[in-house]
Amino acid sequence: MGPERRRAALILNATFVRPAAFYINGFSDLPHAEYYYGFLCFVYILTVLGNSLVLAVIYLVKTLHTPKYMIVFSLALTDLCGSTALIPKVLDTFLFDRRYIVYEACLSYMFFVWFFTSVQSWTLVVMAFDRFVAICFPLRYHRIVTKPVIAAMLLFSWVAMVSVFALAIGFLNRLSFCGSLVVQSFFCDHGPIFRLACNDNSFNSKMVYVVIVLVICLPLMLVVLTYVCISVALSRIASGPERLKAFKTCVSHLILVAIFFLPLLGTNVAVLTSTLHPNARIVNSTLTHTLPALLNPIIYSLKTEEVLRSMRRLCKNRVRNVTLCKRF
Numbered sequence: 206m207g208p209e210r211r212r213a214a215l216i217l218n219a220t221f222v223r224p225a226a227f228y229i230n231g232f233s234d235l236p237h238a239e240y241y242y243g244f245l246c247f248v249y250i251l252t253v254l255g256n257s258l259v260l261a262v263i264y265l266v267k268t269l270h271t272p273k274y275m276i277v278f279s280l281a282l283t284d285l286c287g288s289t290a291l292i293p294k295v296l297d298t299f300l301f302d303r304r305y306i307v308y309e310a311c312l313s314y315m316f317f318v319w320f321f322t323s324v325q326s327w328t329l330v331v332m333a334f335d336r337f338v339a340i341c342f343p344l345r346y347h348r349i350v351t352k353p354v355i356a357a358m359l360l361f362s363w364v365a366m367v368s369v370f371a372l373a374i375g376f377l378n379r380l381s382f383c384g385s386l387v388v389q390s391f392f393c394d395h396g397p398i399f400r401l402a403c404n405d406n407s408f409n410s411k412m413v414y415v416v417i418v419l420v421i422c423l424p425l426m427l428v429v430l431t432y433v434c435i436s437v438a439l440s441r442i443a444s445g446p447e448r449l450k451a452f453k454t455c456v457s458h459l460i461l462v463a464i465f466f467l468p469l470l471g472t473n474v475a476v477l478t479s480t481l482h483p484n485a486r487i488v489n490s491t492l493t494h495t496l497p498a499l500l501n502p503i504i505y506s507l508k509t510e511e512v513l514r515s516m517r518r519l520c521k522n523r524v525r526n527v528t529l530c531k532r533f
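Once you know that position 290 of the sequence shown is 495 in our numbering, the rest is easy, because the numbers rise by one and skip nothing.
There's no promise every hint is true.
Claimed, not checked - Under the rule of at most 25 angstroms between Cα atoms (straight-line distance), these lysine-lysine pairs were calculated in the DSS-like manner: (1) Lys-273 with Lys-411; (2) Lys-267 with Lys-521; (3) Lys-273 with Lys-352.
Source of the hints: derived by calculation from the structure; they are not laboratory data. Here the structure is a predicted model, which means the values were calculated and not measured.
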């Protein structure tokens, strides 16, 4: 490298260029993309209704104030917040063609989308812990799985993920953007943004692997480990019907784990190991971020007999109160 180039590189590294805004590119010439955004709007409405119903039922019914439903409440809350952080802004960006987003707003947008995704991941780990204790140590379940224990685990996951993504945003804020400001994604995603930087982005590149490990790999490994232990415990149950009954209590959780982790893992592995068409990556990413939040309350909560019973009781009480009000 000549002295002039070396001097230019030093000046570039010493000068941090903060863009006024980024441009969210979205799909590349996808025909009838508005129908897809309409589908996302429909998904968001159902997500809000389903998760709000779960939150309201758990809050109003005192019998559901148990450690297990503390976890379900946390999952529904993160599903609702995660979808709200992502989908309305996506619809506003593309349906109303407001693709420019202020630099600070872009970083905040990125933080909340990935923060709530990561908390969903660790909430599924806490659910796995609940199933592990219930099947492997049934006689000690109520002594181990208590409200303070579950509250501490959930709080730790929230605080830990805030710290991780605050660090990731901090590294991103050190970058200089002196070239293209077009983000090849449907939201302010971390990877497409840090690759636009002009200066050294090696810390950000390493942070991608840290996030993949902490949000996908480690939680998934812990869930798999708990189910290995659960399988060993179930194999020791002599009665076939009892074994099947115990396993059925895990089926809903396993489905949640599959619909959350497999698409997220598949999309990230595909991006890191091959060249995905931008449209394919965007479709995969949007569905990965949105469908689990829609399906979680349907699979895990609204089909549970205890929750259905509580909902019927609330409806009856509501009808009784309305009838009494009309009489008086």
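Here is what the structure says about each hint:
no., hint, result
1, Lys-273 with Lys-411, "violated, 36 angstroms"
2, Lys-267 with Lys-521, "holds, 16 angstroms"
3, Lys-273 with Lys-352, "holds, 9 angstroms"
Hint check: a violation occurs at hint 1 only; the rest are consistent with the structure.
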